[in-house]
Amino acid sequence: MAQFLFEADLHGLLKLDTPIPNAPPARWQRKAKESGPGPSPVGVSPMKPANRSHSSSKTPSKTPGKSGSKIQSTPTKAGGDRYIPNRSTMQMEMANFLLTKENDPAEDSPTKKEQQKAWAVNLNGFDVEEAKILRLSGKPQNAPEGYQNNLKVLYSQKMTPGSSRKNSRYIPSMPDRILDAPEIRNDYYLNLIDWSSQNFLAVALDNSVYLWNHASGEIIQLLQMEHPDVYISSVSWIKEGNYLAVGTSSAEVQLWDIQQQKRLRNMTSHCARVGTLSWNSYILSSGARTGHIHHHDVRVAEHHVATLAGHTQEVCGLKWSLDGRYLASGGNDNLVNVWPCTQGGGGDFAPVQTFTQHQGAVKAVAWCPWQMNVLATGGGTSDRHIRIWNVCSGACLSTVDAHSQVCSILWSTNYKEFVSGHGFAQNQLVLWKYPTMTKVAELQGHTARILNLTMSPDGTTVASAAADETLRLWRCFEMDPIKKKEKEKANSAKSSIIHQSIR
Amino acid sequence: QLGREHQGITLRGSAELVAEFFSYGINSILYQRGVYPPETFTRVQKYGLTLLVTTNPELANYLNNVTEQMKEWLYKCIVQRLVVVISSIESSEVLERWQFDIECDKTAKDDNGPREKSQKAVQDEIRSVIRQITATVTFLPLLESACAFDLLIYTDKDLAVPEKWEESGPQFIANSEEVRLRSFTTTIHKVNTSVAYKKDSVP
Chain A
1 MAQFLFEADL HGLLKLDTPI PNAPPARWQR KAKESGPGPS PVGVSPMKPA NRSHSSSKTP
61 SKTPGKSGSK IQSTPTKAGG DRYIPNRSTM QMEMANFLLT KENDPAEDSP TKKEQQKAWA
121 VNLNGFDVEE AKILRLSGKP QNAPEGYQNN LKVLYSQKMT PGSSRKNSRY IPSMPDRILD
181 APEIRNDYYL NLIDWSSQNF LAVALDNSVY LWNHASGEII QLLQMEHPDV YISSVSWIKE
241 GNYLAVGTSS AEVQLWDIQQ QKRLRNMTSH CARVGTLSWN SYILSSGART GHIHHHDVRV
301 AEHHVATLAG HTQEVCGLKW SLDGRYLASG GNDNLVNVWP CTQGGGGDFA PVQTFTQHQG
361 AVKAVAWCPW QMNVLATGGG TSDRHIRIWN VCSGACLSTV DAHSQVCSIL WSTNYKEFVS
421 GHGFAQNQLV LWKYPTMTKV AELQGHTARI LNLTMSPDGT TVASAAADET LRLWRCFEMD
481 PIKKKEKEKA NSAKSSIIHQ SIR
Chain B
1 QLGREHQGIT LRGSAELVAE FFSYGINSIL YQRGVYPPET FTRVQKYGLT LLVTTNPELA
61 NYLNNVTEQM KEWLYKCIVQ RLVVVISSIE SSEVLERWQF DIECDKTAKD DNGPREKSQK
121 AVQDEIRSVI RQITATVTFL PLLESACAFD LLIYTDKDLA VPEKWEESGP QFIANSEEVR
181 LRSFTTTIHK VNTSVAYKKD SVP
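Top to bottom, those sequences are chains A and B. All letters in the first sequence, in the order written, are residues 1 to 503 by full-length UniProt numbering. All letters in the second sequence, in the order written, are residues 1 to 203 by full-length UniProt numbering.
This is chain B alone, in the form it adopts within the complex:
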């Protein structure tokens, strides 16, 4: 790992960093928003923070699949957005929508030299975003009913849909309030985070 810091960031390294961030980010969202019981999460040290990841094997497996797929797509620079949709189980209504926009520098595929940015700097940026996600619980409306989550990935149109994946609609929220969070960049991939939530009809 030490060697990597000196070498700068390669395309593959960047894809891994971003995919890893998504994995921990999604886990944090699921914990903070109470989609799964807090007892099913355990603490791990990452980015110099204490983060919570799920111990539920099925869920962990599911998220692993997504992370692996994201890594591949990020490497090929064909993924544009990752969305975590939180909807009520009973009414199927979308209550919250976490959107991660990805800007990929396609020239990175061509030039083979690694980019000049220390891993530590990227880690610091990722740390700020994750802390912001944790802090959003102070203003996001309570999720009253039992909720389920969905993961949507926006890719290039000519991508062959792999097995286990299917096409879907964007699942927007009807009357929403949106908040932009911090972004981070590895100089090859830039990730912008924002969260949209259903505006309360009663003030």
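With the rest of the complex left out, here is chain A:
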């Protein structure tokens, strides 16, 4: 016997979380024991299966160590004592009531009975006479001790442990520039900023669109909605940077000429707000709150050339692949659909892939620029994961838990990385190395959740728009001057070959 005692003591000492078996009980424990045994001897007998608490392993014997030291540590926590280690599965009130009611005579006048019945219905939510409530006993073991509800850690963390590896380049932790964005709509599902190839940053602030010239710093107000209740829900530049597509809450898709600051077209085909847009040379795709995606050929009068019905809720993410072969869409119904650029046999568009793994709305959708058919998607608050897919095979290449709502993902060719924008609790941008999926850096500064990200035409700067009504420009993909020269040399070599062949 003695060796078990010794073992138990040794275990207890090493573990440091079991109560000392032979110590005198603490004052509060003594007090609890005093008040405890009052109802307990009575409560034990009438309830048959209830007392079979999951303390089958907690034998209140003199050698507690024998029965498995791990579980023994919580009798104090469950409010029990040596005799009844776990009180939570007992139903004291029920027991007390059942016992005491035998003493009261059941003499009630009819009106009193009615009253009691009314009270019972009120309290219980149903007529006690008509239904009864059953509970399955023998509850399974609760989560192991030491398990702290993950969500609390998730939603209240201050600093995520940074990568221990030193970054091989210097990434400034402060933004290059902070721009004011008053009245920007704090709506996760909209796409309110875009950066053109001509270095103009378009920002939609409620019912107006402003253009900010990055080179000169000049600000132009491009347009303002006529109707006061209508707001802008998405903006997207055409590849050449001379036309801007604008989606509105009144279900219109407008096309604006920047040079002349005039509206060229007003295309109506949707019946709900247009939250997202994407260009594929002359085809403009728009996603609406109904879940439908429309293709518009902006050169012809009959602009609405196709409808893609693959989502049952608002389409918030929409991106054509860089080679124009696939269109990826993410919606509030947690689905990601990958559409081909041409119709199938029946004349209908059907997705070549549908991914259901995200547990939240998918707004962040981005194609990898250096690897064909690789798509990155990020989920909203209920999901918080970033997933990388191969759209040909449909396989999920990697997943990473970002611990926070993902609003946008952008790839960077300069460093083979991608950046993601987040919300609660840190409102940060995270740079990830691909394909190792390790964190390269975290850029903090926003005081409210990030809504959108967009990249400069030279690929060095990322602009983030957040609910704190600011736009921050982060110079996180600055190219090393030596490497830059090498890249330019490679590019110029290519172009000289072309020139030779033309001659």
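Treat the hints as calculated values from the structure; they're not laboratory data. Hints should not be assumed to be uniformly reliable.
With a straight-line cut-off of 20 angstroms between C-alpha atoms, the simulated SDA-like cross-links for lysine to any residue are [to be verified]: (1) A:132 x B:159; (2) B:71 x A:135; (3) A:31 x B:156; (4) A:132 x B:115; (5) B:46 x A:382; (6) A:132 x B:90; (7) B:46 x A:31; (8) A:132 x B:156; (9) B:46 x A:356; (10) A:132 x B:173; (11) A:239 x A:341.
With chain A's structure known, arrange chain B on it following the hints.
For chain B alone, kept in the frame of chain A given last:
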């Protein structure tokens, strides 16, 4: 399964659909609210969604028992409500209460013909409800302390209590905020979902 779609829904089929929904629904609630560690859940494909179910054998067994019993009671149309109660282990205080009200069309027992509703339509409705359950994490208050869950079933009063089951109180929340979620119906059983949570005293 294909044959079933064409035949419509029978009482037994409806009971199975609803019991299955409860099984996946409870698993989703346990995962999303963090009652059990997320590592103990695995992904399965169901209703065209990726759902998480527990790998803990005891818990899976426990839930299986409930599902089987529910199937039987649904078939007999004697169950009115299923409640998932989430309470703090230490204080035994009820923090969250998921209530699934069941309306059963009792005439289905008498007429033998199957009802006209495609399984796909029911699946779509179930899918919306499950997605809503997942999305509730965005507004439900954080469960700070370690929690345990309890399952309560409201049945007809004259039902003989089977072994392993015992009577219980409703376990309401004292100061609660309630949110109604979507409902779905198989034309024989209709399930309404709602969640009640403890109102935060500090705004």
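Taken at face value, is the distance from the CA of residue 135 (chain A) to the CA of residue 71 (chain B) at most 20 angstroms?
Holds. Residue 71 (chain B) to residue 135 (chain A) sits at ~16 angstroms (cutoff 20 angstroms).
Is residue 46 (chain B) close enough to residue 356 (chain A), meaning Cα to Cα at most 20 angstroms?
It holds: about 10 angstroms lies between the C-alpha atoms, which stays within 20 angstroms.
Does residue 132 (chain A) pair with residue 173 (chain B) here, judged by a C-alpha cut-off of 20 angstroms?
Within the cut-off at roughly 19 angstroms; holds.
Hint check: residue 132 (chain A) vs residue 156 (chain B), CA-CA at most 20 angstroms. Holds or violated?
Roughly 6 angstroms separates the two Cα atoms, so the pair holds.
For residue 46 (chain B) and residue 382 (chain A), compute the direct alpha-carbon distance and say whether it is at most 20 angstroms.
18 angstroms, holds
Verify the proposed pairing of residue 31 (chain A) with residue 156 (chain B), using a straight-line Cα cut of 20 angstroms.
With Cα atoms ~43 angstroms apart, residue 31 (chain A) and residue 156 (chain B) exceed 20 angstroms; violated.
Given the hinted pair residue 239 (chain A) and residue 341 (chain A), is their Cα-Cα distance within 20 angstroms?
Holds. Residue 239 (chain A) to residue 341 (chain A) sits at ~18 angstroms (cutoff 20 angstroms).
Do the alpha carbons of residue 132 (chain A) and residue 115 (chain B) lie within 20 angstroms of each other, as the hint requires?
It is violated: about 30 angstroms lies between the C-alpha atoms, which goes past 20 angstroms.
Would you check the hint for residue 46 (chain B) and residue 31 (chain A), treating anything up to 20 angstroms between C-alpha atoms as holding?
Measuring from Cα to Cα gives roughly 53 angstroms; hence the hint is violated.
Assess, step by step, whether the Cα of residue 132 (chain A) is no farther than 20 angstroms from the Cα of residue 159 (chain B), and give holds or violated.
9 angstroms, holds
Measure nothing beyond the straight line between the CA atoms of residue 132 (chain A) and residue 90 (chain B); if it is 20 angstroms or shorter, mark the hint as holding.
Measuring from Cα to Cα gives roughly 27 angstroms; hence the hint is violated.
Violation of the numbered hints given earlier is confined to hints 3, 4, 6 and 7; the remaining hints are satisfied by the structure.
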